[in-house]
Amino acid sequence: MPKEERRRNLLRRLTIGTLSIAVFIAIWYVIAWIDKETVVIYPHTVFATLFSSFTTAIPWRGYLMQQEVLASLGRLFWGFALAFVIAVPLGLLIGYNWVANIASKPIIEVLRPIPPLAWLPIFIVVFRNDIGPIMVVFLGIFFPLLLAMVFGVRSVPRELIEAAKTLGANRLAIFRKVIFPSTVPYMMNGIYVGLGVGWMCIVAAEMMGVRGGGLGDLINASGSSGNYDVMYAAMVMLGVFGFLTTEVARILSQEVREWMGMRAD
Amino acid sequence: MQKKIIAAIVAVVVIVAAIGAALLLTSSLPPATEKEPVYYVSMGVGTMKNALSTNASLGGYIAWEPFGSDGIVSGVGHALKWSGEVKPNHPCCVVLVSDAFLSTSLGVNLTVRFLKAHIDATNWMNAALADKAGGDYTKLVDMAMKFTGRNETVVKAALDHMKYDYAISQETIDYITWFAEQFVDIGQMTNASIIARGYSSAADFADKYTDASYLADAASVGTSSTMVGSVRLGYLTGDLHQLAQYVARNTTNFGGTSMFAKYGVNVSSATGAPYSSGPTEMDNFANGNIDIGYLGAPPAILKHINNPKVDAKIVAQANTEGSALVVLPSITSLEELRGLVVAIPSVGSIQYLLLQVMLKDAGIRLVAG
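Chains L and U are the protein sequences, given in the same order. Start counting the first sequence at 1; every next residue gets the next number (my numbering). Start counting the second sequence at 1; every next residue gets the next number (my numbering).
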């Protein structure tokens with residue numbers, strides 16, 4: 001694409017994007033006006049609450065907004081780290097080894113559709129309020145990542161493996177130099193999908209009473225006390241950070257795919 | 001090629017780990033130069049006792065009866081304070097009627113009839129409690145066990161802490177004012193929002209939000225051989241404070257007719273009832289699920305003033321006092337709760353507000369878990 005055209009394209013996208021946000025905020029105003037702020041609060045009130053919450057802790061919470069965000073990000077991070085460490089090797093094994101594949105299939109297929117939140121009551125007892133929510137996030141990220149890895153291994157062209165074999169590669173070398181590298185784009189995609197699910201889980205996970213604050217806990221508490229301006233402010237932060245983390249993962253995933261010569265989708 | 005990829009992965013992992021470590025370090029930094037606060041988490045009242053015995057970070061819980069007595073009787077904890085010691089005679093659960101229901105053609109009539117049964121049930125319970133050797137006490141204990149799902153020992157211990165009262169006195173109204181002021185004090189309500197709701201002050205609000213006239217009218221209500229109409233009733237999970245509604249709905253102990261039916265009121269549980277906490281019940285008032293409900297006065301106040309701005313009236317009390325702060329046996333003062341977590345039914349509940357007040361009086365801050 002010529003430079004000029006690309007710039008014009010970008011400009012057009014920015015304009016449309018800005019307009020759509022403006023329309024969204026306008027609709028928000030109208031709904032709040034119709035509702036007389038019974039449950040929908042005016043955007044300017046929400047943003048005023050949001051901005052002040054970065055410098056003044058909400059008295060009955062005792063945390064600044066950034067601390068609530070960091071608490072949630074921390075849980076997301078640990079859930080992700082745990083899922084990554086377990087799902088990647090396990091996915092490689094299941095994809096590569098047919099015995100492991102057949103043995104694990106029924107278990108995975110039965111466990112996978114169970115919403116991570118279903119485990120929450122058990123996790124709260126077993127892992128307590130501090131680790132429990134992390135484990136829920138872990139489950140949310142684990143299955144998408146695991147399946148992506150299995151699929152990644154299975155998608156390695158047989159010719160590549162055969163070629164490596166004829167060139168004298170042993171099983172370990174094939175695994176290390178052919179199979180594992182080919183799964184990387186799938187892994188990145190699994191991370192992208194998993195993080196999205198993780199964010200959805202973390203909020204509900206935090207609704208069970210967590211230590212150290214968190215956006216989900218803040219939403220629940222402020223909803224309970226009817227401080228809806230705080231609640232919407234927390235929801236805005238969730239949207240922003242959910243978008244940022246998954247967007248980073250998406251871009252990384254796309255870059256890796258392009259870099260490895262796969263068609264970006 | 002694969003070396004590059006591995007390097008890239010390592011780089012990504014290192015970056016993510018660094019961000020994570022930074023996040024965790026900054027988020028776990030304690031607020032500087034301050035003594036440790038007490039933390040709260042929301043929890044279902046039914047799980048609090050077990051949580052206290054298994055969860056190391058939990059120092060105590062505050063709940064409605066019999067869940068306080070449940071922990072005390074089992075030895076998991078002891079009552080550090082009963083709410084009556086902190087605020088003698090404070091209103092606890094009240095009967096709230098939605099304005100929407102009152103404005104229906106039969107609304108006022110049904111409310112008055114409902115309250116007549118509420119008065120009868122309360123009087124019957126108090127008489128039964130006064131004579132522990134009597135047959136009515138046995139019936140009362142039996143109904144309390146069925147309603148709360150707790151055993152006889154727990155229920156009897158809990159009943160000893162019950163003060164059932166329906167009357168709205170000046171003291172009640174003064175306490176409603178005080179509750180509202182406490183909410184303003186902790187920042188969950190503002191004086192501006194009280195004024196925005198059409199009241200000149202917290203006292204004016206308390207005066208207008210309570211209405212004892214229905215209770216007065218109830219005195220002259222006679223029985224009815226036919227059903228006058230239906231009421232969708234809101235109440236909380238196994239809340240012994242609200243036993244009056246369970247007694248008044250019972251058909252077997254009172255000659256085949258419930259007290260509500262005796263006065264021509266067909267009472268059914270509102271959608272979603274019993275609720276896990278007062279604030280949740282208020283949300284169900286807001287969405288029109290409930291006509292009349294039993295719940296703590298504080299959530300009834302908070303969610304009338306704050307969102308979702310429920311329009312309703314407090315028309316009677318159900319009980320006074322009766323919430324215990326149950327703590328681990330090793331803890332003997334509020335000061336020792338610093339750094340520990342206390343479980344509450346939910347933010348905005350009366351137990352939450354009472355805990356706030358207890359700690360504030362002791363100079364201790366209460367913050368989210």
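To be clear, the hints were calculated from the coordinates, so they are not data collected in a lab. Predicted, not measured: the structure shown is a model, and the values here were computed from it. Note that CB positions come from ideal geometry on N, CA and C, so glycine has one too. Treat the hints with care, as some may be off.
Heads up, simulated DSS-like pairs for lysine-lysine below, C-alpha to C-alpha not over 25 Å straight-line [stated by the list, open to error]:
| hint | chain 1 | residue 1 | chain 2 | residue 2 |
| --- | --- | --- | --- | --- |
| 1 | U | K156 | L | K36 |
| 2 | L | K36 | U | K146 |
| 3 | U | K81 | U | K208 |
| 4 | U | K146 | U | K156 |
| 5 | U | K87 | U | K156 |
| 6 | U | K309 | U | K262 |
Derived list of chain L stretches under chain U, where covered just means 3 residues or more per stretch with a C-beta under 8 Å from a C-beta of chain U [unchecked claim]:
| hint | stretch |
| --- | --- |
| 7 | 15 to 26 |
| 8 | 33 to 42 |
| 9 | 52 to 63 |
| 10 | 87 to 101 |
| 11 | 209 to 216 |
How the hints compare with the structure:
{"no.": "1", "hint": "U/K156 <-> L/K36", "in the structure": "violated, 48 Å"}
{"no.": "2", "hint": "L/K36 <-> U/K146", "in the structure": "violated, 43 Å"}
{"no.": "3", "hint": "U/K81 <-> U/K208", "in the structure": "violated, 32 Å"}
{"no.": "4", "hint": "U/K146 <-> U/K156", "in the structure": "holds, 13 Å"}
{"no.": "5", "hint": "U/K87 <-> U/K156", "in the structure": "holds, 23 Å"}
{"no.": "6", "hint": "U/K309 <-> U/K262", "in the structure": "violated, 34 Å"}
{"no.": "7", "hint": "15 to 26", "in the structure": "violated (count 0)"}
{"no.": "8", "hint": "33 to 42", "in the structure": "holds (count 4)"}
{"no.": "9", "hint": "52 to 63", "in the structure": "holds (count 6)"}
{"no.": "10", "hint": "87 to 101", "in the structure": "violated (count 0)"}
{"no.": "11", "hint": "209 to 216", "in the structure": "holds (count 5)"}
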